[in-house]
Structure formats: C-alpha cells, structure tokens
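Chains S and Z, in that order, are what the protein sequence lines are.
For the first sequence, position 144 (counting from the first letter as 1) is numbered 144 according to the working numbering, and the numbering increases by one without interruption.
For the second sequence, position 66 (counting from the first letter as 1) is numbered 66 according to the working numbering, and the numbering increases by one without interruption.
No lab work stands behind these hints, which were simulated from the structure alone.
Mixed in with the good hints there might be a few duds.
Said to hold, decoys possible - Listed below are the simulated EDC-like cross-link pairs for lysine to aspartate or glutamate, each with C-alpha atoms no more than 16 Å apart in a straight line:
{"hint": "1", "chain 1": "S", "residue 1": "Lys-83", "chain 2": "S", "residue 2": "Glu-251"}
{"hint": "2", "chain 1": "S", "residue 1": "Lys-300", "chain 2": "Z", "residue 2": "Asp-286"}
{"hint": "3", "chain 1": "S", "residue 1": "Lys-79", "chain 2": "S", "residue 2": "Glu-245"}
{"hint": "4", "chain 1": "S", "residue 1": "Lys-85", "chain 2": "S", "residue 2": "Asp-257"}
{"hint": "5", "chain 1": "Z", "residue 1": "Lys-300", "chain 2": "S", "residue 2": "Glu-245"}
{"hint": "6", "chain 1": "Z", "residue 1": "Lys-326", "chain 2": "S", "residue 2": "Glu-287"}
Stated by the list, open to error - Simulated DEER-style distance windows between Cβ atoms:
{"hint": "7", "chain 1": "S", "residue 1": "Leu-244", "chain 2": "Z", "residue 2": "Gln-329", "range": "51 to 61 Å"}
{"hint": "8", "chain 1": "S", "residue 1": "Tyr-294", "chain 2": "Z", "residue 2": "Leu-227", "range": "27 to 37 Å"}
{"hint": "9", "chain 1": "Z", "residue 1": "Asn-309", "chain 2": "S", "residue 2": "Ser-291", "range": "23 to 33 Å"}
{"hint": "10", "chain 1": "S", "residue 1": "Lys-297", "chain 2": "Z", "residue 2": "Glu-21", "range": "39 to 49 Å"}
{"hint": "11", "chain 1": "Z", "residue 1": "Tyr-294", "chain 2": "S", "residue 2": "Gln-162", "range": "20 to 30 Å"}
{"hint": "12", "chain 1": "S", "residue 1": "Lys-325", "chain 2": "Z", "residue 2": "Lys-83", "range": "38 to 48 Å"}
{"hint": "13", "chain 1": "S", "residue 1": "Lys-272", "chain 2": "Z", "residue 2": "Glu-48", "range": "46 to 56 Å"}
{"hint": "14", "chain 1": "Z", "residue 1": "Asn-246", "chain 2": "S", "residue 2": "Tyr-294", "range": "46 to 56 Å"}
{"hint": "15", "chain 1": "Z", "residue 1": "Lys-83", "chain 2": "S", "residue 2": "Asp-275", "range": "31 to 41 Å"}
{"hint": "16", "chain 1": "S", "residue 1": "Leu-18", "chain 2": "Z", "residue 2": "Lys-325", "range": "28 to 38 Å"}
For glycine and all other residues, C-beta sits at the position ideal for the given N, C-alpha and C.
There are 2 protein chains.
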Amino acid sequence: MSAKKNTQAPESYIQGILKGEIPVLSRAITLVESTNEKHRELAQKILEGVLHKTGNSFRLGITGVPGVGKSTFIESFGKEVVKRKHKLAVLAVDPSSNKSKGSILGDKTRMEQLSVMKDVYIRPSPSGGTLGGVARATYETILLCEAAGFDYIVVETVGVGQSEVAVSRITDFFLLLMLAGAGDELQGIKRGIMEMADSVVITKADGSNLEKAKAARTEFARAIHFLQPPDSGFTPRVEICSSLENKGISEIYDLLDSYKTFAFANNYFTKKRKDQQFELLLNTMDEQLKSAFYSDKEIKKKLDQISKNGSKDILPFSAGIEMVKKFLQK
Amino acid sequence: MSAKKNTQAPESYIQGILKGEIPVLSRAITLVESTNEKHRELAQKILEGVLHKTGNSFRLGITGVPGVGKSTFIESFGKEVVKRKHKLAVLAVDPSSNKSKGSILGDKTRMEQLSVMKDVYIRPSPSGGTLGGVARATYETILLCEAAGFDYIVVETVGVGQSEVAVSRITDFFLLLMLAGAGDELQGIKRGIMEMADSVVITKADGSNLEKAKAARTEFARAIHFLQPPDSGFTPRVEICSSLENKGISEIYDLLDSYKTFAFANNYFTKKRKDQQFELLLNTMDEQLKSAFYSDKEIKKKLDQISKNGSKDILPFSAGIEMVKKFLQK
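Taking the hints into account, I'd like the entire structure generated from these sequences.
Next up, the structure:
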C-alpha cells in the first residue's frame, strides 16, 4: 500500500468503514497494525470516529494444538455462521513474526470456500511484533470489523502458549478444539488453557475415529467437571464434530447461541466486556510504564553495569527505589 | 524503643553491629522494618556501612503447611547447627499483619531451648506490611545478622502461599517440610512449591508414624523425579526425621552441608546470589514504578471514573498509552 493512501483524511476512512467498504476496512486495519507513529495517530482518529458503531458482535476465540484442524473447522463452522445470516470476520493472533509472514497466503488458501463467500472477511495475521502489540492490533481490528457491519468475529490463535491468554482477553467465548488421542487425552494441552475454555470441541469425529472421539468426550466432560466453573455460570460443554462430514457443526453454532442468550440474560456478557476493557487498560499501562523505564538510557546503562560488574556492593531494594525515583524526577 | 535511640549516628550502629552487639543489631533491624522515612534513611546508611561484612552465611529457607512442626524442627535443627560451631539467626517472613503481631511472643516460647542459647539470635516476624515490604526487611535483616557474625541464617515462612516465593528469592537453599499423610501425599501443597524445593523433609517420623513416613519418602522421591531438575544441578533429596526423638536431624545438616560444597564447587552458589540480587532489583523497580503510577492523584481519579462510568467509549490501549505518557511528562 502506498504512503499516500494512508494519509487520507480520517473522515473518508470512517465513512467508508461505516458503509462496509472492504478495501477501506483493510487499509484501516493496516494502519492499526502499523508501528509508524503517524499511521497510529490516524488509526486512533478512525477508531474514535467509529467507536459508537462497535460492540455489536459475538466475539469467538478459537484455539487448539497444531494438527487439530483449526482451519478446516473454521471453514465448516464459518459456512454455518453465514447460513444463519451473520456477516463473518475471521482474524488470527500470531505473535511469532517469521511464521506469520508465510501465513498471509496460507490463511486464504486454507479456507478456500469461505474466503470467496459474500459476507465473509478473512484477515491474515498481522506480520509479527510483540504479543502486546498483536493483541492491541487484533482488538482494534475487531472494533473496525464491527463498525463495518460484521456481527460474528472469529479470532483464531495461531501461536501456541501465551496467545491463548491474549485471545481470551478480547473475546466473549473461548472454544478449545481437541483431538481424540490414543490414551491420555489431557496430554499436550496445558491445564490452564483447559480452565480458560468455555467449551471444548473434539474434531475429526468421523470414520474409524468416531468411537475414539466419543470416548474422549466422556473423558473431557469428566475432566472439566473437576475444574473451577467459569465466572459466567455457564457449564462448559464437550461436543464432537466432523468438518469433513459436516456433522455436529450446526450443534456447535447452537451451543454458542445458547451461551449468548444465557450470558445476556444474567448480564455476564456485558460485565465481561467491561471487565476486559478495564483489564486491557491496566495491562497496557503496566507495559507502557515498564517499556518507558527500561528503554531509558540511564537506566539501561546502570543495569548493564550492574549485570556486568556483579552487584555484591549494592543493596537491591534501595538501589531499585533510588533508580525509579531518579527516573520519575526527570 | 524511643525515638531518641533511633536517631543515633549511623557510625555507632555500624560499630556495634560489627562487634556483634545484639541490642544494637535488634535496634538496627527495627529501623529496617520501619516505614518511617527517617528510620529508613538511617537504616540505609547502616546497611551501606556493614555491606562489606555481609554474605558469609548459609541462608536456609524453610517452609511447610501449618501443623508440620516447623518450630519444633527448627528447635532441634538449630541445636545441631550450634553444635557444628555456627552462630545461628532465625528469622520469619509473615506478610499477614494481624497474625504476626501475636507471634512476637510465640516465636520465643515456641523455641524454648534454642532461644536461650548463646550464639543464637531469634528475631520475631516483622509486624505485617506488604509482602514486598516484608521481603525487603527480611533480606536486609539477613545482611545485618551476617555483619554481626551470624553465619547460618534460617528464614522461616509463616504465611502461606506467596511468602514461599519471597523466601526462595532471598535464600540459598529452600527446604520443604512435609507430613506423611494418609493417602494422597501431594495434597495440601502446591506443585509450584514442590518445584521450588531443593529438598524435602518428612517430619514426625516417630512411633506409629514411622512406617507412614518411610512410605511417604518413597512416594515423594518418585514425585520429585518427575519435576524439572533445579538449576543447581543438585538432585533434590527426601529425608525423614523426628524432632521428638532427635533422629535424622544431623543427617539433614549433612545434606545441606553437602549441597553447600556442591554448589560452591560448580560456582552455582555465587551465581545464584548474584542472580537473586539482580531479580530483587528488577522486582523492586517494577513495584516502585507501579506504586508511583497508581498512587498518582490524576491517575486514581481517571481510573475511578472509568470503572464507575463503564468504558464503552474508551479505547483501552490508546487510553493506557496516553495516561502513561501524561504521567511521565509531569
């Protein structure tokens, strides 16, 4: 994209997005993803201009280990979402820069049928950056998509580990995809991620794998029973599905729909969004503070000295207090 | 203690501590624990004056659930330490203010024989405060005790949960006391604490409990085997002991001694202390930064507003960046 296009007035972006113009939406997302200061300022103005039209979507986070069939599931599930008269946006969170550069092409080819459908917008992963930066960009991309009329947003984790936490912080419902394994079903996925899940779906429940999937469902249902119930009050469910045979997909749509109804009724939906926003604010402030502090030249120099020369002759607590005091006085 | 005593010149404290005068040491520790700004400044000067005489001790952290017999163990173990020609100081970390106020008397009566011995200094828990504050005070108390000639420092966790982490950060060796339970031996203690332990001691291995203790030893040894090996390269051991019958106590002393020899030889001992100091410095800076930020009047007001009015109309990331920028510009 040329620099010129990105220096358009915010107003033309805002109008285009609110009209649902995809090319304008895409350009605005690029601004949101940019690390260029001027792009960020423009993005900020655009976001402020569309904020009143955001929030009206269901934000679904999807995670699972590599090989679980995430793209195939999203392809089948996405078609169901469109059938139910939603406008669907599919985003990805992938903080690992090198891999994601390759996935730009990957994202589109992975979801062949979905990507050519009307009412579907698939946005490749932003190309790398810190987890904090990617989380911010993804959150703001959700807002832009909502303003452009997309009312069902799927956020897929591509990286493993920390990105699940980031995604669960910006979505309404966190769906964990799992495979029916041979034996210990709980291997390979961290307990913590299991605890974050609002429900679990066992994929590839077809052919000779169907019986295994059913057994895994029983086992997971038992495992979930031992975890702390989520704050929502909604009891997590374990479903099986086959993207290949398109079985169980509409049931999963219904499950999510019943969650939405449930969480709206007990007001948890709104509360969670509010809490998420506050958490994001607090996290951002913590990160910004640290980043300003540790990128300060004098602090850097001092820390370098200490870590080189050893610190036998310093009092770590007093030195820490002193260094922060000096930093803040500047 | 009168205010007058605390305004003595730092030099008189420094001389007294280096001569091993216990009343002076006690008063200096009180300064270190004080939240009064002037006391802290004086404490700082005293610490700087004795710093060259610190570091020459073995710092042993001891933890365990209530009822495991920590005081009884420290009483027996402490006598062994004295027999081996050490000067022993016993400190406690207890971040819960209300309980610890009562333990001032408790600490002394709990360790009846130890407390009256020459070459033993028992310091009651500082009366409350934040975990960060207590950790700092305990760390600086270790330094003062070392300067006063104590070369074996036991730091006992009184609180449960977070205080174990704090203690492991300021000690050379972390010893976990456990009871032989009836059945699931790993209940009641968090896996994370198990992972922090450099070795485990099963207490109350006497009378009808002896066989159970032996069985528990086997089970713990197996459990430890599955944990990640500690950075020291020292394989954690599981010992049993009876404070009542004074059995296994000198073996535990020997175990710790062999660790010391091992960790000195592979240079881990020195490296760990250096890393600990650096970590303490970084943690202190993080805490100080946050504390300065969140106690800022304007930040407080703004956050109050947001959490009251809801935040639908703010962009959490941009708002966070903005608030930190404004704070740092002041």
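_Could you work out which of the previously given hints the structure breaks and list their numbers from low to high?_
Going through the list in order, the structure violates hints 5 and 15 and respects the others.
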